[in-house]
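2 protein chains.
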Amino acid sequence: MTINRQWIFASRPQGMVGPANFEYRETPLNDAPLQTGDVLVRNKTFSLIPAQRTWMNADSAYFPPIPIGAAVSAPATGEVVQSANPRFPVGTRVSGLTRWEDYSLIKADRLTISPLPADIDLLDALSVFGGNALTAYLGLLKIGEPKPGDTVVVSGAAGSTGSMAVQIARIVGCKAIGIAGGPAKCRHAVEDLGFAAAIDYKAEPVAERLAELTGEHGVDVYFDNVGGQILDDVLAHLAFGARVVICGAISQYESSGTWRGPANYWQLLVKRARMEGFLVLDFAKKFPAARAEMLKWLADGSLVPSGEVVDGSLEDFPAVLRRIFDGANIGKLILRI
Amino acid sequence: MTINRQWIFASRPQGMVGPANFEYRETPLNDAPLQTGDVLVRNKTFSLIPAQRTWMNADSAYFPPIPIGAAVSAPATGEVVQSANPRFPVGTRVSGLTRWEDYSLIKADRLTISPLPADIDLLDALSVFGGNALTAYLGLLKIGEPKPGDTVVVSGAAGSTGSMAVQIARIVGCKAIGIAGGPAKCRHAVEDLGFAAAIDYKAEPVAERLAELTGEHGVDVYFDNVGGQILDDVLAHLAFGARVVICGAISQYESSGTWRGPANYWQLLVKRARMEGFLVLDFAKKFPAARAEMLKWLADGSLVPSGEVVDGSLEDFPAVLRRIFDGANIGKLILRI
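In the order they appear, the protein sequences are chains A and B.
Under numbering that gives the first Met the number 0, the first residue of the first sequence is numbered 0, with each subsequent residue one higher.
Under numbering that gives the first Met the number 0, the first residue of the second sequence is numbered 0, with each subsequent residue one higher.
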């Protein structure tokens, strides 16, 4: 009898997410034959991402709320170990959405996984090949519409999406500035990832540094992962005709009350600018071309995957997730079990 | 010797604007010959508009702050009484930006007026032919991009810009809903201006009424003149792919502290929507076509000018302006002297 170790979503967090919201459980794996179309995946690597926090809310708005009593939804890669689906023979390596558990049964009516090309390793699949990189690529290029020479600012710039967005801005010919927390992240951003500049929001006055770095011209494209005060600071330094891409708002996810709205939204009028939200899933048809271009950049060295792989066990999930919200991680945070 | 009666801008309002911010003065009109290109206009009708309040701030962002000690800038119509400019012979009727005074000297290097066609009367010039109507027309159609069948919501809907925006939405085939304050304004909006519905924000819960009126689908285009709570309420009811046009924020103009930002801006992501600001002056090339179409609608009765003409004297300015911010006026507020 095979044991499936699982982290069950036990209660919806009010404010900060923590170990009390999860329950560790060991369940015998059901050994009945799979139903037609179903696939059983042995999970190998998991991505820990800020958006998971929003999926935990009862009113999760663009993603079905994670049900209480179910294992926690997460981006992951793994290998097919049983299959009743000819598209996924046993041994197929897959990436997509599974759950915090050793084995995830993926039902035919909601196939949240796709096969991985042979030349992609399981870690790249969660970094340059994963949802965050696609989010950075498509959000920046399709919504932000940067032109060569534009000044692009990205917040959460040391995170999984942000570190990709700033590099992509650089690659397409923009002056790419990141905002991140702490000297280690900022040094990494400039030295390893090729940012034109990094602003340490924990140590520097963001508004003043933006004014210094972007001058009279201001910010042409702002890719926002954080919301809150930093969004207001950047709105105060927009260029005429600027585009503000709303990708995330990690500074607000753990607020238990009303979110803070950007008081400087009025600058959209002053600067004839727009602020626009998007979800990467709406661009699914563009995924293959986006991946192909990012793989090319990866191969020629212009795009550097930034991340941290924690080799651990399933037991570590709640503690590793916490690192995202404490701002402890640099780049993509991956748990390999 | 001719006396020029003037209202001088005496102090910048902190919060509410009132009589203390202005000083009445009678000044002899300079009878020296005009310099080349200059024009002297005898003002006849004045438009009182919310934006004037923002021009009174030292940090007025998109319009030069009205200088302390100068007569107060205002949209007006009048007649040329002296001219050193061949484009404006004596007797030419003009509309544009002059000042709260009997006679405005318009300098050649900042010709803020233009000649009026012969078939436009001076009141129409400030309503359908004026800046507010152009703002409604161009902001709604060029930024809001309504499609036939869309649900369009306009706040400040009984005001000079709003009453035009809702009617234009109706004319181009949309379900046009207005938000206004008080039963008289709402009745006028539905009975006289042909709104599909009007929400009285002073007596009704806006969020609930929006939910009733727009159902599951939500709001395709929101034309915002007010900001504050109403902006948040509408953001919570956006349709997928919605467009939010930021035109004004009268609820915030008299706030002496930080403006209130829209906490529900996050809905831009959830609904893949955009929020965009604009200034009508950026569309100057489209003014003739916009005016021509509105005059056609005026002639066929589909567009109804909504407004109130106060016959008074120059002495009445501060009190009449106050009516805008007290929500007392219906439609365009015009002072005829």
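Hints were generated in silico from the structure; no laboratory data involved.
Treat the hints with caution; some may be incorrect.
Remember, identical chains collapse to one label, so a pair may be satisfied in a single copy or spanning two.
[Said to hold, decoys possible] Taking lysine to any residue pairs in the SDA-like style, the calculated list, with each CA pair at most 25 Å apart, reads:
no.: 1; residue 1: K106; residue 2: R322
no.: 2; residue 1: K141; residue 2: G68
no.: 3; residue 1: K141; residue 2: W296
no.: 4; residue 1: K284; residue 2: R271
no.: 5; residue 1: K146; residue 2: G240
no.: 6; residue 1: K141; residue 2: G240
no.: 7; residue 1: K146; residue 2: R208
no.: 8; residue 1: K141; residue 2: E190
no.: 9; residue 1: K141; residue 2: R271
Verification of the hints:
1. K106 to R322: neither (31 Å within a copy, 63 Å between copies)
2. K141 to G68: Answer is neither: 38 Å inside a copy and 49 Å across each miss the 25 Å cutoff.
3. K141 to W296: Cα proximity of K141 and W296: one copy only (18 Å, versus 38 Å across).
4. K284 to R271: between (31 Å within a copy, 17 Å between copies)
5. K146 to G240: both (12 Å within a copy, 24 Å between copies)
6. K141 to G240: both (16 Å within a copy, 15 Å between copies)
7. K146 to R208: within (23 Å within a copy, 42 Å between copies)
8. K141 to E190: The answer is neither: 28 Å in one copy and 44 Å across copies each exceed 25 Å.
9. K141 to R271: For K141 and R271, both the intra-copy (19 Å) and inter-copy (12 Å) Cα distances are at most 25 Å.
Hint violations for this structure: numbers 1, 2, 8, all remaining hints satisfied.
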